[in-house]
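K.L.:
For what it's worth, the working numbering labels the leading residue of the sequence shown as 527, then goes sequentially.
I should point out that these hints are in silico values taken from the structure, not numbers from a laboratory.
Where hints are given, some of them may not hold.
[As the list claims (entries may be wrong)] Result set (DSS-like, lysine-lysine): computed pairs, CA atoms no more than 30 angstroms apart in a straight line:
no.	residue 1	residue 2
1	K992	K980
2	K765	K752
3	K967	K980
4	K532	K552
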Amino acid sequence: MSIELKQSLKLTQQLIMTPQLQQAIKLLQLSRIELADLVAQEMEQNPLLEEQAPDEMEGKEDRRHELEGSGEQEIIRTKEVTGEGDGKEDFDWNSYLEDYGPVGVTYYREESDLPPVENLMTRKETLADYLHWQLNLSPSTEEEKRIGGQIIGNLDSGGYLLATVEEIAAIEKADTALVERVLKRIQDFDPPGVAARDLRECLVNQLESLGLNEPLIERILDEHMKDLETKNYPLIARKLKVTLEEVLVAVRVITNLDPRPGMVYSDEKPHFIVPDVFVFKMGDAYRIVLNDDGLPRIKLSSAYRDILAGAANGGVGTEQNKDYIRERLQSATWLIKSIQQRQRTIYRVSESIVAQQQAFFDKGIQYLKPMVLRDIAEDVEMHESTISRVTTNKYMHTPRGIFELKYFFNSGINRTDGDAVASESVRERIRDIIAREDPRKPLHDGQIVSLLEKSGIRIARRTVAKYRELMGILPSLKRKKFF
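All chains should be modelled from the sequences, with the hints used to inform the complete structure.
P.N.:
If you want it as structure tokens, here you go:
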């Protein structure tokens, strides 16, 4: 057996994750807020990028167009720059200025009204601020104020005390009796029930502030919290040897109390959903419009445009300067093209969803069809992973409401007649059945199964329980109302 060296030629195909492809994939799965943050970060790092001023848009046509017919949409107007190569080839500065000089590479969006300045400058008063204000107004020694500040600093967003009296006493090197007195003083502050150590103490303190020192209510809170939670009022009446009506009166008082008094001063801000796609019905057809509002409008910097003009005339200087500008130019154009591709992909996927779920848009959630990622992937000729990235954290505004794109993908449940119904439609039927039930005699899961079977949907009782829990609906025992 002889060993020899030989050369051979082999042709293979291989997928290479170029930086441009990696950036396009990254942008595809970002939400609107994340995309805006990324663009802002790129503008800080790339001097060739800057935001278009509003007055520069005067006299220019709107750059956002809807896809029609062939599915083409020009979201960004830019010359075709592939970004291929290693960046070391000769760069035609004159050609660049001819193509990009007058307008630049720009991503446009529509202007929107900004909130007033005073809305940006104000700060909502927190629970700690309010309690500190009351503590400073109360007659207290410096030591008591220091202990009170420690207590206030250990309250959670609901107003409950997270630390024990012993822990606070150890931190402040004070007597536990003094800490108890300061704690009792803070518990008398507004809002009623604040600085409680558990739910029972919170509710009792609120009753005291209202002057409702009813022995029956206090006994229920002390001895029957579990029965109160499960609404087992007859058992409470039997154990306390009172009538059911007396228990119901006490329960009505308890239910009007606030179990989390500190939440009224919570600084948590609501998160508003800004849709990525708008769907409008025009006649018998649906029109899709991408929402570019809120995305930064970027272009090439005018200052660096002058530098490029100097480069064309040989005025840049060293080759190192040209390499730097060439690198920043490629980065800028890659970002623009990636945003462009992201918008086109979102449009195509949204268009396919609307086409396949038209019965839902026409008639409602009961007509939502079972659909998986593969159905859309085959329709738009993309990979399932791409569809998954597109539909993540993206929202669609429709005549039926605002839905996440993931909402339209549901597993199917076979009906008795052989057809399939989407699992989300079954959940909506369960929600509707529970909404129409008698609150004094709520339906248990077995009864819901029977009602669904009458409409041709056969599912197990455990499936009903799972769907009910996913929708945040309590079991029948806890849904029962006595008054």
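K.L.:
Which numbered hints does this structure break?
P.N.:
4
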